[in-house]
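Engineer: Residue numbers (this note's numbering), protein chains in the order written: chain A, 1 to 401; chain B, 1 to 401; chain C, 1 to 401; chain D, 1 to 401.
Some hints could be false.
[As the list claims (entries may be wrong)] Computed Cβ-Cβ distance ranges for the label pairs, DEER-style:
id, chain 1, residue 1, chain 2, residue 2, range
1, C, Ser18, B, Gly396, 14 to 22 angstroms
2, B, Arg394, D, Gly200, 40 to 48 angstroms
3, A, Pro119, D, Arg320, 41 to 49 angstroms
4, C, Arg278, B, Glu321, 27 to 35 angstroms
5, C, Gly284, A, Ala325, 56 to 64 angstroms
6, B, Pro26, A, Ser70, 49 to 57 angstroms
7, B, Glu135, A, Ser70, 48 to 56 angstroms
8, D, Arg320, B, Arg202, 53 to 61 angstroms
9, D, Lys285, C, Met203, 26 to 34 angstroms
10, D, Lys51, A, Ala325, 32 to 40 angstroms
11, C, Ser171, D, Lys285, 32 to 40 angstroms
12, D, Lys51, A, His324, 40 to 48 angstroms
[To be verified] With a Cα cut of at most 30 angstroms, we get these calculated DSSO-like pairs of lysine-lysine:
id, chain 1, residue 1, chain 2, residue 2
13, B, Lys285, C, Lys399
14, D, Lys30, D, Lys40
15, C, Lys113, C, Lys40
16, C, Lys285, A, Lys285
17, C, Lys389, B, Lys285
18, D, Lys30, D, Lys51
19, D, Lys52, D, Lys113
20, B, Lys399, C, Lys285
21, B, Lys399, D, Lys389
Quick caveat, the hints were computed from the structure, so don't treat them as lab data. All residues carry an ideal CB built from backbone N, CA and C; glycine is no exception.
There are 4 protein chains.
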Amino acid sequence: MPRPLPDRAATFVREVRSFTDEHIVPLEPKLGALGFVGLKPELDRLRDEVKKRGLWLPFLPTEVGGQGLSLLEYAHVSEALGRSPVAHYVFNCQAPDVGNMELLHLFGTDAQKAQYLLPLARGEIRSSFGMTEPEHAGSNPVWLSTRARKDGSDYVIDGHKWFTTGFEGSSFCIVMAVTDPDAPAHMRASQILVPTSTPGLRMVRNLPVMGEAGGDWASHAEIVLEGVRVPQDHRLGPEGAGFMLAQERLGPGRIHHAMRWIGVAERCLELLCQYAIRRELAPGKPLATRDTVQAWIAESRAEIDASRLLVLDAAEQMDREGQHAARDAISVVKFYVANMLDRVMDRALQVHGGLGMLDDTPIAWWYRHERAARIYDGPDEVHKASLAKRILARHGMKKRE
Amino acid sequence: MPRPLPDRAATFVREVRSFTDEHIVPLEPKLGALGFVGLKPELDRLRDEVKKRGLWLPFLPTEVGGQGLSLLEYAHVSEALGRSPVAHYVFNCQAPDVGNMELLHLFGTDAQKAQYLLPLARGEIRSSFGMTEPEHAGSNPVWLSTRARKDGSDYVIDGHKWFTTGFEGSSFCIVMAVTDPDAPAHMRASQILVPTSTPGLRMVRNLPVMGEAGGDWASHAEIVLEGVRVPQDHRLGPEGAGFMLAQERLGPGRIHHAMRWIGVAERCLELLCQYAIRRELAPGKPLATRDTVQAWIAESRAEIDASRLLVLDAAEQMDREGQHAARDAISVVKFYVANMLDRVMDRALQVHGGLGMLDDTPIAWWYRHERAARIYDGPDEVHKASLAKRILARHGMKKRE
Amino acid sequence: MPRPLPDRAATFVREVRSFTDEHIVPLEPKLGALGFVGLKPELDRLRDEVKKRGLWLPFLPTEVGGQGLSLLEYAHVSEALGRSPVAHYVFNCQAPDVGNMELLHLFGTDAQKAQYLLPLARGEIRSSFGMTEPEHAGSNPVWLSTRARKDGSDYVIDGHKWFTTGFEGSSFCIVMAVTDPDAPAHMRASQILVPTSTPGLRMVRNLPVMGEAGGDWASHAEIVLEGVRVPQDHRLGPEGAGFMLAQERLGPGRIHHAMRWIGVAERCLELLCQYAIRRELAPGKPLATRDTVQAWIAESRAEIDASRLLVLDAAEQMDREGQHAARDAISVVKFYVANMLDRVMDRALQVHGGLGMLDDTPIAWWYRHERAARIYDGPDEVHKASLAKRILARHGMKKRE
Amino acid sequence: MPRPLPDRAATFVREVRSFTDEHIVPLEPKLGALGFVGLKPELDRLRDEVKKRGLWLPFLPTEVGGQGLSLLEYAHVSEALGRSPVAHYVFNCQAPDVGNMELLHLFGTDAQKAQYLLPLARGEIRSSFGMTEPEHAGSNPVWLSTRARKDGSDYVIDGHKWFTTGFEGSSFCIVMAVTDPDAPAHMRASQILVPTSTPGLRMVRNLPVMGEAGGDWASHAEIVLEGVRVPQDHRLGPEGAGFMLAQERLGPGRIHHAMRWIGVAERCLELLCQYAIRRELAPGKPLATRDTVQAWIAESRAEIDASRLLVLDAAEQMDREGQHAARDAISVVKFYVANMLDRVMDRALQVHGGLGMLDDTPIAWWYRHERAARIYDGPDEVHKASLAKRILARHGMKKRE
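Use the sequences and the hints to build the structure in full.
Structural biologist: Printed below as a string of structure tokens:
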């Protein structure tokens with residue numbers, strides 16, 4: 001890498017990676033059989049071990065119990081954790097808690113921090129984030145029907161959300177709701193902290209994602225809010241700042257995801273190579289001797305390396321100049337890395353043949369679940385169009401509606 | 001299409017398609033929740049209705065209760081059935097029974113036909129086919145470890161198979177086993193009819209395919225055979241003909257599969273178009289107005305049409321000149337159509353956004369399960385290499401080992 | 001092929017192909033050195049031979065000296081001629097004369113036929129077609145600036161055209177000009193026969209296409225028309241019918257081109273195979289043993305076969321039901337085949353390595369000149385969008401401006 | 001970029017870029033008409049200007065008249081020069097002189113430096129490099145037929161070379177010839193400095209590359225050597241070191257090329273954006289409003305950025321650890337960047353429509369000439385295979401012949 005990590009961070013990343021390979025990867029076969037819910041007790045024991053080793057909550061400052069890594073440093077950690085489907089959970093880095101903690105840390109009041117951030121940071125509770133609505137395209141984040149009306153000192157919220165990750169079992173949900181429908185499009189909504197025990201907040205179902213409704217953290221709920229009443233001091237940040245906060249959250253989130261995807265891709269490539277060496281087409285003639293397989297290895301290597309450089313470059317830009325300055329780089333990262341992941345997973349699966357279709361390796365799990373990478377936080381098409389429009393504007397293109 | 005179907009066949013295909021759209025497609029939402037096993041009673045009632053309407057078992061001759069369609073005609077039927085994941089089952093055209101019935105019809109003794117073919121043809125029992133072994137690449141069909149040794153008038157079989165589709169609940173399994181290890185590679189194995197109740201034949205597990213072990217017909221078993229004893233008259237065809245029979249079975253099987261994939265792709269494209277019209281990016285601006293989406297529709301249309309022409313052309317060649325003469329066309333069909341399917345499913349899923357990841361449409365089911373199309377019955381790479389070698393030989397290339 | 005050609009046509013195609021391989025292919029090395037202009041005398045001698053053998057002008061009816069083939073039959077001829085860059089010329093099938101002759105045959109007055117069609121049909125003169133204008137996107141054929149104003153019994157034409165193929169040395173040019181700017185968009189223009197000797201008609205330059213301005217038929221001119229005066233009886237078809245005639249001309253033209261591209265692709269694939277067998281990476285190890293090369297051969301075979309089936313299917317639809325009914329098929333053919341050609345040429349060039357960059361084989365010539373296939377007569381993007389809009393309309397999409 | 005250039009180098013790069021845009025880009029239209037030979041006098045005047053400004057020969061140390069940039073720094077310069085087809089020549093950075101100067105600088109004797117390096121460095125003479133032979137695949141650099149036999153104190157050389165860039169008009173050619181056919185494969189050949197006036201050295205032709213034989217520096221010769229006699233002190237480096245020196249030369253060469261390609265790609269993307277804004281599909285509706293075009297812009301941006309990061313990372317590795325340590329990175333760069341270039345050129349051409357086919361922009365020139373990027377210095381397939389083999393070896397794969 002062009003800019004090597006400082007020693008302390010490099011050591012940290014190495015430890016995270018060793019822990020993942022030694023303690024989490026071996027649980028993978030059980031994951032298929034037991035699911036996250038069945039495996040949770042074991043994972044929670046590992047969480048204690050992670051805390052003991054001083055690896056807990058790497059991306060948050062030390063004052064709330066984290067390790068205080070920069071975004072660039074945490075990016076490397078996220079890659080290391082990406083090597084196994086449940087490693088982020090074990091280090092308390094799982095979405096959506098990671099983003100929720102960042103928001104609370106940056107924008108929460110002292111009371112909000114005490115009540116919500118600190119227990120989250122200690123791993124005692126979990127949280128969720130309710131933004132996308134079934135009725136509107138998620139790619140247009142300012143188009144929302146959920147309404148929060150003021151009533152005395154409360155908000156009364158009515159709405160319908162889905163893809164609310166980890167809602168089941170979460171203690172509170174950050175709900176994006178329109179607080180002023182007459183404001184300009186980007187200032188209509190606010191984010192409101194809603195305890196999941198609040199009357200009127202109801203889970204319709206855990207969404208059946210590629211055959212799995214899952215449970216607890218490993219689930220994505222469809223929820224309804226009917227006359228859900230919370231005090232106005234549960235609003236996060238100023239009124240109308242919902243969209244701005246969501247953007248604030250998404251920038252680093254895209255870096256985290258992209259580095260996780262790189263971890264997934266590296267692991268897929270390792271599995272591909274190992275299997276290609278082991279599996280024989282005929283006695284003494286392993287798959288790895290085929291130049292089609294060799295071409296896939298080389299192309300995967302190139303595309304993964306390109307992805308990592310792009311992500312680290314974007315992270316460095318964000319650390320240095322902030323999210324706005326880095327938005328071209330973030331757009332590039334989002335669609336480039338998600339598509340790289342698709343290709344690498346597909347090659348790994350193809351080399352494994354029938355075995356690739358089975359949950360005997362994590363490839364099939366990633367193949368079906370990480371397909372979502374090209375969709376959430378803005379589908380490929382949206383990022384490409386918005387990047388191109390900014391480039392064209394710099395070439396003198398006039399704005400159109 | 002260049003060569004239109006005769007009237008009788010065209011009417012038949014239309015009826016199959018209407019039946020599928022009216023009676024089977026509406027069951028799809030239940031399929032996600034109940035699985036095939038839960039849905040089976042309802043599907044079996046539909047089977048009775050199919051029999052009443054004279055649509056049952058289209059590909060087999062009338063003397064065994066079928067409708068006597070040619071391969072070309074049945075190809076159209078298979079496309080119509082492909083529109084829904086369980087339609088082939090309802091018409092008794094599901095793999096591996098369809099291939100097993102063809103083998104028994106062509107090569108079975110009268111006793112074998114009476115005992116195995118007729119109950120299958122009536123839909124009273126199901127069957128399975130045990131060929132692939134975990135220890136050897138499925139792409140090299142002559143490399144098998146399963147052994148059938150003669151002992152008096154019996155065979156005693158030892159071996160290990162997987163991807164034995166529908167083994168659970170089947171009455172018998174056609175097992176491919178080496179009967180003469182010293183014969184030339186393509187004449188070592190025979191196919192043997194093994195009742196699943198035979199001692200020593202044991203199911204290890206239903207393979208967890210993309211998160212689903214499934215059950216009954218909708219499952220793929222790993223099985224072991226330890227000292228499994230069956231009379232030698234349970235061999236199908238001559239000794240050493242196992243590989244030849246497997247090839248005989250695969251040719252039409254690839255046509256059936258390819259046309260089923262086209263049915264899947266057509267349905268995906270319909271869903272894509274309908275959703276693109278319905279789903280708005282902003283009020284009054286549906287997805288279908290995006291030229292990226294339009295390009296995907298046009299490319300899908302082109303690739304599906306190309307696929308259908310290729311398959312029908314291959315089917316016609318097979319009807320006219322036999323499987324050997326058509327083998328280039330069959331290879332082309334196998335890899336071209338499987339890859340077309342991948343692209344069309346991917347586009348349909350992407351247009352559906354988050355919804356595309358859910359079992360609320362059949363797209364997610366196909367996306368994870370039909371990924372296998374590029375693997376089974378010969379992965380892309382094997383078909384490409386063997387086709388190219390035949391082409392190069394006609395240009396004067398000398399054979400190499 | 002699904003629908004074999006009638007015997008007479010099959011024999012005709014075989015003869016065309018033999019003639020091309022025996023008499024025209026051997027001239028290719030000279031083409032690079034001498035260019036079309038230098039080679040013309042030799043080609044004109046071959047034209048006489050073609051006439052003697054009764055192969056001249058295959059696509060026009062016998063009453064004007066042609067062979068009266070159907071579109072489907074001529075499609076096969078165009079493939080055979082596509083095998084060499086100048087074969088269409090030798091058989092008097094070269095664009096734009098082929099389209100001009102069809103227009104004159106269908107829509108010309110007796111006087112126009114006598115003066116323009118018959119000498120063209122005999123190969124005594126050449127013609128050109130002036131449609132595209134540098135100022136407007138060729139993909140929007142109704143947006144033209146060239147004006148023909150009536151003055152007494154004459155038209156006086158002012159305008160600017162480019163990509164006027166074969167203008168240099170042609171006797172007349174069919175010029176598309178706006179005759180009524182106030183008519184609805186598709187009825188504004190007319191086609192007018194303009195002798196190239198008419199005062200005010202001037203060639204600015206032969207366009208430097210990929211390094212070659214070429215000459216005579218093998219050139220594409222930029223021309224200006226300043227006060228060019230021709231009698232109104234030189235209008236082809238009714239006033240305002242220019243666009244309709246252009247469409248009429250384009251339908252079969254796209255079939256001709258597409259089959260020519262298939263001929264090019266087949267020839268490239270042959271050259272690829274032959275070179276891959278001949279060229280050794282190391283002693284005794286020809287390129288053809290690499291499975292990457294084999295994969296390219298197989299993919300090219302599949303894509304060429306798919307292309308041919310699509311084109312013949314479209315041609316048959318046009319012969320049977322007319323151009324309007326076949327317009328989906330024509331759009332598919334236009335972009336699918338042009339892109340197939342790109343890929344096959346690229347693979348052939350890559351296998352040839354450095355040699356592929358040289359004019360020592362025809363591959364480099366096609367690589368640079370046939371890149372235009374994805375652009376002229378409607379670029380990929382236009383055909384995809386218009387096809388998709390028709391498909392979406394059938395799914396209920398409402399029309400937008 | 002992660003690691004910003006030191007100020008001095010950044011200023012240098014900016015000056016090179018301004019000079020290129022102000023003085024060389026405006027000559028492009030003449031290049032099409034006059035060719036390199038016709039433009040040479042003007043370019044040679046610009047060379048004087050470059051010297052005056054202290055920008056001459058950036059990659060060589062100051063002691064031979066260069067600017068002493070590191071490889072990483074020069075990489076940026078090469079990108080700036082890549083913006084125009086003849087800019088490298090103007091700065092005396094053109095292949096093959098750049099590589100020849102590096103070799104002479106590193107391995108030349110004092111006499112060789114005085115006679116050959118210094119005049120080259122001053123731009124008074126040009127040189128060429130004779131390696132590839134028509135009879136053997138260039139991708140196998142140890143397979144050569146050219147022989148240099150000792151005779152007294154001389155070598156007598158017989159052989160046949162092609163793709164000897166800039167041979168016409170060069171003062172000497174570095175010829176790769178087998179000096180010991182019995183040595184191990186990688187130690188058979190030596191590099192020998194052969195004045196082009198030596199009897200027996202004859203140019204057969206300038207190769208017709210994509211329609212252009214070119215001339216002087218802008219040409220690629222086929223040459224024969226028949227009894228060519230030079231003193232043994234004209235050998236460069238030790239006997240048998242030819243292959244090692246060629247490798248030494250290729251590593252930085254690939255970085256130079258790759259950065260040049262990035263310059264080409266950036267310029268193509270600029271032209272694409274500018275034209276897309278300017279060109280209207282209909283009044284008021286520029287091409288740039290199409291989301292297909294926007295997707296191409298975004299994808300090009302992503303792929304160019306990825307390419308630059310990969311090249312700079314490789315250059316940094318080479319500066320820091322040497323070529324051997326960086327060979328994986330160099331392989332990645334070679335095939336990834338060459339393919340990126342292909343895609344970006346293709347998109348730029350397609351957006352330009354008919355104009356893209358013309359020499360009116362430099363796109364068509366690059367499209368036909370830079371196609372060679374995927375071939376020379378090792379075709380894609382060779383780099384992919386050798387990279388994959390190294391990766392597989394690290395996973396425990398045993399070596400095969």
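Engineer: All hints are to be evaluated individually against the structure, with a verdict given for each.
Structural biologist: Comparing the hints with the structure gives:
1. C:Ser18 with B:Gly396: 14 to 22 angstroms: Roughly 20 angstroms apart at Cβ, these two residues keep to the hinted range, so it holds.
2. B:Arg394 with D:Gly200: 40 to 48 angstroms: With a Cβ separation near 44 angstroms, Arg394 (chain B) and Gly200 (chain D) satisfy 40 to 48 angstroms, so the hint holds.
3. A:Pro119 with D:Arg320: 41 to 49 angstroms: 47 angstroms, holds
4. C:Arg278 with B:Glu321: 27 to 35 angstroms: Given range 27 to 35 angstroms: holds, Cβ gap about 32 angstroms.
5. C:Gly284 with A:Ala325: 56 to 64 angstroms: 59 angstroms, holds
6. B:Pro26 with A:Ser70: 49 to 57 angstroms: 55 angstroms, holds
7. B:Glu135 with A:Ser70: 48 to 56 angstroms: 49 angstroms, holds
8. D:Arg320 with B:Arg202: 53 to 61 angstroms: About 60 angstroms separates the Cβ atoms of Arg320 (chain D) and Arg202 (chain B), which means 53 to 61 angstroms holds.
9. D:Lys285 with C:Met203: 26 to 34 angstroms: Given a distance of about 32 angstroms, which is inside 26 to 34 angstroms, the answer is holds.
10. D:Lys51 with A:Ala325: 32 to 40 angstroms: The hint (32 to 40 angstroms, Cβ to Cβ) holds, given that Lys51 (chain D) and Ala325 (chain A) are roughly 39 angstroms apart.
11. C:Ser171 with D:Lys285: 32 to 40 angstroms: 38 angstroms, holds
12. D:Lys51 with A:His324: 40 to 48 angstroms: 43 angstroms, holds
13. B:Lys285 with C:Lys399: Judged against 30 angstroms, a Cα distance of about 12 angstroms means the pair holds.
14. D:Lys30 with D:Lys40: With a Cα-Cα distance of about 11 angstroms, the restraint between Lys30 (chain D) and Lys40 (chain D) holds, given a limit of 30 angstroms.
15. C:Lys113 with C:Lys40: Holds - the C-alpha atoms of Lys40 (chain C) and Lys113 (chain C) are around 26 angstroms apart, at most 30 angstroms.
16. C:Lys285 with A:Lys285: Between Lys285 (chain C) and Lys285 (chain A) the Cα gap is close to 18 angstroms, so the pair holds against 30 angstroms.
17. C:Lys389 with B:Lys285: 15 angstroms, holds
18. D:Lys30 with D:Lys51: Status holds; Cα separation ~23 angstroms.
19. D:Lys52 with D:Lys113: Cα-Cα ~24 angstroms, so holds.
20. B:Lys399 with C:Lys285: 12 angstroms, holds
21. B:Lys399 with D:Lys389: 26 angstroms, holds
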